[in-house]
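The sequence shown runs contiguously to residue 569 in the UniProt record's numbering.
Be aware that a few hints might be false.
Stated by the list, open to error - Distance condition first, Cα-Cα at most 20 Å in a straight line; then the derived EDC-like pairs of lysine to aspartate or glutamate:
(1) Lys-5 / Glu-201
(2) Lys-288 / Glu-249
(3) Lys-394 / Glu-375
(4) Lys-550 / Asp-314
(5) Lys-321 / Glu-351
(6) Lys-137 / Asp-510
(7) Lys-209 / Glu-241
(8) Lys-541 / Asp-530
(9) Lys-209 / Glu-231
(10) Lys-394 / Glu-532
(11) Lys-540 / Asp-530
(12) Lys-209 / Asp-158
(13) Lys-506 / Asp-520
(14) Lys-394 / Glu-201
(15) Lys-288 / Asp-303
(16) Lys-541 / Asp-138
(17) Lys-102 / Glu-134
(18) Lys-137 / Asp-158
(19) Lys-5 / Asp-158
(20) Lys-265 / Glu-201
Read the hints as simulated data drawn from the structure, not as lab findings. This structure is a prediction, so every number in the text was calculated from the model and none was measured.
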Amino acid sequence: MKDGKMLCIPMDHGISNGPIPGLEDPHSIIYRCQDHGLSSVIVNKGIIRTMPEPARIGVLVHFSSSTSLSTSPNRKMLTGTVEEALRLGADGVSLHINIGGKEEPEMLEQLGRTAGQCHLWNMPLLAMMYPRGENVKDPHDPEIVAHAARIGAECGADIVKTVYTGDVDSFSKIVKSTPVPVVIAGGPTAETDMEILQMTEDAMSAGAKGVTYGRNIFAHKNPPGMELIIEPDVPDDRLPEFLAQLTAEGIGTVYLDPAKLGGLKFETVYPSPAADYTVGTENAAEDKKRGMMFEVLSNQDIDDVLVSAEKGLDFVIVAVKDWKIIPLENIIAKLHKIDTRIFALAHSAREARKMFSILEVGVDGVIFITSSINEVREAQVDLGARSFQLRPAKIVKIQEVGDGERVCVDTASILRLGEGMLVGNRSNFLFLVHNESVGSSFTSPRPFRVNAGAVHCYTLSPDGTTSYLSEIEMGSEVLVLDSSGRARRAAVGRSKIERRPMLMIKATVDGEVGGIISQDAETIRFVRPDGELVSVTHLKKGDTVLVHSKAAAGRHFGMEVADEYILEK
Numbered sequence: 001m002k003d004g005k006m007l008c009i010p011m012d013h014g015i016s017n018g019p020i021p022g023l024e025d026p027h028s029i030i031y032r033c034q035d036h037g038l039s040s041v042i043v044n045k046g047i048i049r050t051m052p053e054p055a056r057i058g059v060l061v062h063f064s065s066s067t068s069l070s071t072s073p074n075r076k077m078l079t080g081t082v083e084e085a086l087r088l089g090a091d092g093v094s095l096h097i098n099i100g101g102k103e104e105p106e107m108l109e110q111l112g113r114t115a116g117q118c119h120l121w122n123m124p125l126l127a128m129m130y131p132r133g134e135n136v137k138d139p140h141d142p143e144i145v146a147h148a149a150r151i152g153a154e155c156g157a158d159i160v161k162t163v164y165t166g167d168v169d170s171f172s173k174i175v176k177s178t179p180v181p182v183v184i185a186g187g188p189t190a191e192t193d194m195e196i197l198q199m200t201e202d203a204m205s206a207g208a209k210g211v212t213y214g215r216n217i218f219a220h221k222n223p224p225g226m227e228l229i230i231e232p233d234v235p236d237d238r239l240p241e242f243l244a245q246l247t248a249e250g251i252g253t254v255y256l257d258p259a260k261l262g263g264l265k266f267e268t269v270y271p272s273p274a275a276d277y278t279v280g281t282e283n284a285a286e287d288k289k290r291g292m293m294f295e296v297l298s299n300q301d302i303d304d305v306l307v308s309a310e311k312g313l314d315f316v317i318v319a320v321k322d323w324k325i326i327p328l329e330n331i332i333a334k335l336h337k338i339d340t341r342i343f344a345l346a347h348s349a350r351e352a353r354k355m356f357s358i359l360e361v362g363v364d365g366v367i368f369i370t371s372s373i374n375e376v377r378e379a380q381v382d383l384g385a386r387s388f389q390l391r392p393a394k395i396v397k398i399q400e401v402g403d404g405e406r407v408c409v410d411t412a413s414i415l416r417l418g419e420g421m422l423v424g425n426r427s428n429f430l431f432l433v434h435n436e437s438v439g440s441s442f443t444s445p446r447p448f449r450v451n452a453g454a455v456h457c458y459t460l461s462p463d464g465t466t467s468y469l470s471e472i473e474m475g476s477e478v479l480v481l482d483s484s485g486r487a488r489r490a491a492v493g494r495s496k497i498e499r500r501p502m503l504m505i506k507a508t509v510d511g512e513v514g515g516i517i518s519q520d521a522e523t524i525r526f527v528r529p530d531g532e533l534v535s536v537t538h539l540k541k542g543d544t545v546l547v548h549s550k551a552a553a554g555r556h557f558g559m560e561v562a563d564e565y566i567l568e569k
């Protein structure tokens, strides 16, 4: 901990979930974040052994493991010893303990034994104490969270990590009743940065000693390698509305005169001394980032960019007519060696999409000139930067409804474990329906397929509009999400509509009730908050599954219409 406070990135997901988006190269995350206020990381021992060079921050080795492929993903097994942690040069040990399930006694024994070894060798121990199991109805119940945290402390942990209960008052009582420092878990990917900042502020106000954010850092909307910057191409009278829409979509940087922000908070790139990134060096203040814009038509232009950058530019903006013709690998490599950021210019959604697929060699961002918020949403998906908040919803009703037409969506992509489509009877209450990568006792895995639901159900498209499942056909594009809410697009290779026995399933979250009609078959699965899959044939009232829900809005041809009254049942 720095100054008694912890800012930690847990990156132990590789064993449980594989190389999930954002965590393909954990070493890179460590080296990029260690000079920006990070106090520590949590990684598995294989990551420590393969580090090219030692980290300049604390490294905790994680010794609890299970996989999402297991029939018992909540059963964490011990995968190392304190002596091994010492040999690795680790600064601490981390364990994951689930409270409330049949696996609890075994994990408590692991915690007690490891705590004794840690104290013998003077090695700090962090215990991740999660209410998670068949006896836990609400994993954020303050009494249950307080019990879990107290167990960690009394079993000998030096730091307890647990879930935030959602309000300052209840969490402050948990902190006071736990005799060791308490830090909070980040949970699923948040929809906006403000949610994370607010949760951090509230938790620290309640007495927490730090935060541990995994997906909300390494799977952030604007990952360090590629940032989406929007240049609004709208008349001045439409600018306030468009900027407000950009804020809602999580865009943090615009190419715009700071005088036109109207009080909204954005980082700005512009030929103005007031901009955070000043284009043109003549009037740039010393405390601002300085850069220039270049049109690159030949190799000589590339040389000019390098010469200018070596004079001390913080960034360059490059406009190129044909990215396939101009080789940018050399310029990007050289600019990064002198810590100069490079932004590429895009004039259309199609061009932005090509850039995201072609420029995988390390540009720091794309400046996208657009007047359409739907194009912004599409660009975020292409960037891998768009995410949706997924929340636990309680199942309140399950009913057979006879035969109906259901839609199987066969994508042109291999879908990973944890990924699926958002589907539901209401456009503002959508269930995460998992793909068929698992298979069943009667069928082989089909990892390209989502048995989505009845023909009338909604699903989301990459531009944020909705489509009926009946409208999807070869060549359509659908939005695919993982269990953290991170989205990507997938092309549809085939849509199969067949008559099958159907189930109506209703769930509730924060007083809102939503539903879905899906095929009554064991291959259709939802995703629980802990990432475990549950077949609709095994679903029970009181179970919780992941949904995306928000305030109701009217829709016209799939597009949201503000302030239109709508009631769907």
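Hint-by-hint comparison with the structure:
no.	hint	result
1	Lys-5 / Glu-201	13 Å, holds
2	Lys-288 / Glu-249	26 Å, violated
3	Lys-394 / Glu-375	34 Å, violated
4	Lys-550 / Asp-314	40 Å, violated
5	Lys-321 / Glu-351	10 Å, holds
6	Lys-137 / Asp-510	15 Å, holds
7	Lys-209 / Glu-241	39 Å, violated
8	Lys-541 / Asp-530	18 Å, holds
9	Lys-209 / Glu-231	40 Å, violated
10	Lys-394 / Glu-532	15 Å, holds
11	Lys-540 / Asp-530	17 Å, holds
12	Lys-209 / Asp-158	12 Å, holds
13	Lys-506 / Asp-520	14 Å, holds
14	Lys-394 / Glu-201	28 Å, violated
15	Lys-288 / Asp-303	25 Å, violated
16	Lys-541 / Asp-138	14 Å, holds
17	Lys-102 / Glu-134	8 Å, holds
18	Lys-137 / Asp-158	28 Å, violated
19	Lys-5 / Asp-158	14 Å, holds
20	Lys-265 / Glu-201	19 Å, holds
Checked against the numbered hints above, the structure breaks hints 2, 3, 4, 7, 9, 14, 15 and 18 and satisfies the rest.
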